Amino acid sequence: MVNCMRDVIIIGAGVVGASVARALSAYQADVLVLEKECEMCMGTSKANSALVHAGFDAKPGSRKAEFNVSGSRMMEQLCRELDVPYSRDGALVLAFSEEEKGVLQELYDRGVKNGVNEMEILDAEAVKSLEPHVSDRVAGALYAGSAALVCPFLLTTALCENAYVNGVEFAFEEEVTGIEKMTDASGKVAGYQIQTPKASYQARCVINCAGVYADTLHNMVSSRKYHITPVRGEYCLLDRSEGGLVQHTLFRVPSAKGKGVLVTRTVHGNILLGPTAEPGNDKESTATTAKGLERVLAETKDMVNDIDVGKVITSFAGLRAHEDGGDFVIGVAEDAPCFYDALGIESPGLSAAPAIGCFLAELVSGENGFAKKPSEDFHPYRKGIPAFARMSNEERNDVIRSNPAYGNIICRCEEITEGEILEAIRRPLGARTLDGIKRRVRAGMGRCQSGFCMPKLTEILARELGQELTDITKSGEGSRILEKESRRKSDDSI
Amino acid sequence: MEKRRELICIKCPKGCRIAVAMDGDEVVGVEGNSCPRGEEYVRKEITSPTRMVTSTVRLIGSDMNVMPVRLSGEITKGKIFDVMKEIRKCQVKAPVRMGEVLITDVCGLGVDVVAAAEALDVLG
Amino acid sequence: MIAYDLVIVGGGPAGLAAAVSAKENGVDSILILERENRLGGILNQCIHNGFGLHTFQEELTGTEYAYRYIQKVKELGIDYKVSAFVTDINVQKQITAAVRGEGLLEVQANAIILAMGCRERSRGALNIAGTRPAGIFSAGTAQYFVNVLGIMPGKEVVILGSGDIGLIMARRMTLEGAHVKCVAEILPKSGGLQRNIVQCLEDYDIPLRLSHTVIEIHGEKRLTGVTLAAVDEKLKSIPGTEEYIPCDTLLLSVGLIPENELTRQLPVTMLPETKGPKVDAGMQTDLPGVFACGNVVRVYDLVDNVSAAAVVAGRSAAEYLRE
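Protein sequences appear in the order of chains A, B and C. Counting from 1, position 262 in the first sequence corresponds to residue 262 in the numbering used here; the numbering is continuous, with no gaps. For any residue, its number in the numbering used here is found by taking its place in the second sequence, counting from 1, and adding 1000. For any residue, its number in the numbering used here is found by taking its place in the third sequence, counting from 1, and adding 2000.
Be aware that a few hints might be false.
In the EDC-like style, the derived pairs of lysine to aspartate or glutamate whose C-alpha atoms are separated by at most 20 Å in a straight line are [to be verified]:
id, chain 1, residue 1, chain 2, residue 2
1, A, Lys-291, C, Glu-2216
2, B, Lys-1044, C, Asp-2232
3, B, Lys-1077, C, Asp-2205
4, B, Lys-1077, C, Glu-2059
So the derived label-pair ranges between C-beta atoms look like this [to be verified]:
id, chain 1, residue 1, chain 2, residue 2, range
5, C, Glu-2273, A, Ser-135, 50 to 60 Å
6, A, Ser-135, C, Leu-2235, 49 to 59 Å
7, B, Arg-1037, C, Glu-2273, 48 to 58 Å
Worth flagging that the hints you see were computed from the coordinates, not collected in a lab. Just so you know, these numbers come straight off a predicted model, no measurement behind them. Glycine included, each C-beta is placed from N, C-alpha and C at the ideal position.
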């Protein structure tokens, strides 16, 4: 099957692809997003530190520095437009020796060069008063007030939803296996033919936001070759009961060994510990290791007292898309006109995503003559799914009366109601899997890790999608939850 | 020739360790049991062990998906899977009363499969 | 705001027995709040026998045991509300519950009995390394799928932890045609009842691997196998003992934790060793008029003992209300 020629195909529905799609949806262009998984936000965007970095880390003049600082400035407004949880908690880079204290000044100076505001170097006493659980060995810290927390799941989902509402099409379970240039009679590149196992697509422009696979796709069309190494980062997540442990995101001074681990609250009030940094060559390998998890716990306990290992509710690993050059590669590919890359987007990729999205949307539109839509045709606002857990009693009463499903609490730990779950499924680009529900409304994200709600979620999904219970998956094809009907009523005739 | 065997009683949660002295096939001594049920259990367990079977049967016309069931008495251990086969085939329609016989004389073993819960008739 | 002398949070075995006991000791105005859509709590999925020897002097299934109490609650005319999820509770003994189809229910109580039960420890709490595929269930979740929904979660099964629910599920899955490859227990001794080792494992030749644990989980989408290893006396895995076991299902029966999220909203002393509230001989917490019973206080082996503790709580609450 060959589809009609589109203006733009975006490959990848992670936070970068979603940001580009949403930014492009403000232009008059015919845009399609191809995603290999069954939903958005299933690669690196779902397993990272969920932070908006201030921007003092990256080398001045690098793409990382530029996009981190501008992305971080855009994030709050974007989250407001899309009704995504964002919290500017600020960050502290902790120094544990005089030598490390020296590095704080370097970071500060780098931050100034990168255009980071609200920085200050604090002495040990000031750090302890801000963060009483920090180890007594702390010698000082760099404070960065513009660092923030964001929910990467909701950000990516909201960007996709909003792009969709503004006319962007999405095709899931479409893994790109080949890209070829199409030339016109004069031999000029006129577009690209994109192959998936199911179909063939054509587009005048391609935007490559394929995460750890962006090198493979780029190398199909350009003679300038790139190489991405997946660098695994392992994390442990603590129960919300531990949410008061820290008030800021706590980093360590980077050492020769790397950036080191962090301790942070999440926007939902859990505590996140990690990540490790383990380069590998398997782009699907998001398994945690006993060694990695031990390291996360040992190193974070070295920074912060009172981390209770008994409160770990889950652990996970994500892959950073590290390009050999060490910087983001953003822009048009060499000798492949109208093929644009967002490649090597490792940390601070989440922070940079809004800026990358806008930059590429402007670049692509400028080069290809897509005009801005009249303002009445672009709707930048999206309403999130109202969260029962965060409502006042009055609001709860009202919402249950107007929508009885809100009176049925399905996930006990996070107090997520059937109303929210139905909404997560019924929305545009709605949830199709248990993980999809979890990422949208947090059902199953709590301390019992879906022990109680998994059967109910499976039933609700099956009912809503018109499928059998045995068809329901955790995360798409191959991940069925259940094996077979053993006793369930087969028919109602006896 | 006297032989000794040790069995764990399954008659109650206590799980007594009961020593049985055997002369050939004959039980000649029992010790370690804390109640008469223990002795009864080991004697039977050595000659012809029996078990309770609990499961569910298909249920229609109810808001419950399945009806929990049990046997009216224990059966020979070797017949458990035969009984399960019958239970799997069975389908009942609400209303079902607690204790209602759902399969009479299952596999000719002289016990019935009975309802171990109650299902109201919600679909009329 | 409506008012009751006694509000019982939870309509499982503890809450039901406490309600009956309070009523029999003279409390007339009682309300049970149950979050599920029917009374009975976890007993509704316990279709196996072995309940009631102490309480009723006969061996019942879990559902039969629950039925007796539910009938009693109905006979005694005790008020109850199902699909009522308590969200808030305060020191003035005001309770707020979200009630399906109705809205918020606010109740003023003179005494409260907490009977919320417990939950299972999850894979996350064990911090087992590896992938995060489908096919990993706590034993109770699998029990719900099989016994309440009538659907099998898998066919090649490894069970980690030899708690009673794990042992019971080993037999249950086997009876439904699954192949239970082994039950692994990190300790040198099973935490389950001896009778369950005999009638759930030995009867079906299911190996119990003591001093073994799962150290890694394999499979990207659905579970494909686990790595089992022997552990030393410090419960650390012993290098060289790793063994790959292919399976599509891993059931976890690795302990229960009292569910005290509501209790923590009250100024009640919690005991770290039980993870439940501190209670006196009458099952009263150190907040006068607030009682607790059943697995919310500490995890019990037997439901009969839960009922016995609940009888005490009901009686004490009645005494408290008389004073």
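Status of the hints after comparison with the structure:
1. Taking the CA atoms of Lys-291 (chain A) and Glu-2216 (chain C), the gap is near 11 Å; set against the 20 Å cutoff, the hint holds.
2. Between Lys-1044 (chain B) and Asp-2232 (chain C) the CA atoms are separated by roughly 40 Å; this puts the pair beyond 20 Å, and the hint is violated.
3. For the hint linking Lys-1077 (chain B) to Asp-2205 (chain C), the alpha-carbon distance of about 13 Å falls within 20 Å, and the restraint holds.
4. This hinted pair checks out: Lys-1077 (chain B) and Glu-2059 (chain C) have alpha carbons roughly 18 Å apart, not beyond 20 Å.
5. Taken as a hint, the range 50 to 60 Å is violated for the pair Glu-2273 (chain C) and Ser-135 (chain A), whose Cβ atoms sit roughly 28 Å apart.
6. Ser-135 (chain A) and Leu-2235 (chain C) have their C-beta atoms about 27 Å apart, which leaves the hinted 49 to 59 Å range violated.
7. Arg-1037 (chain B) and Glu-2273 (chain C) have their C-beta atoms about 35 Å apart, which leaves the hinted 48 to 58 Å range violated.
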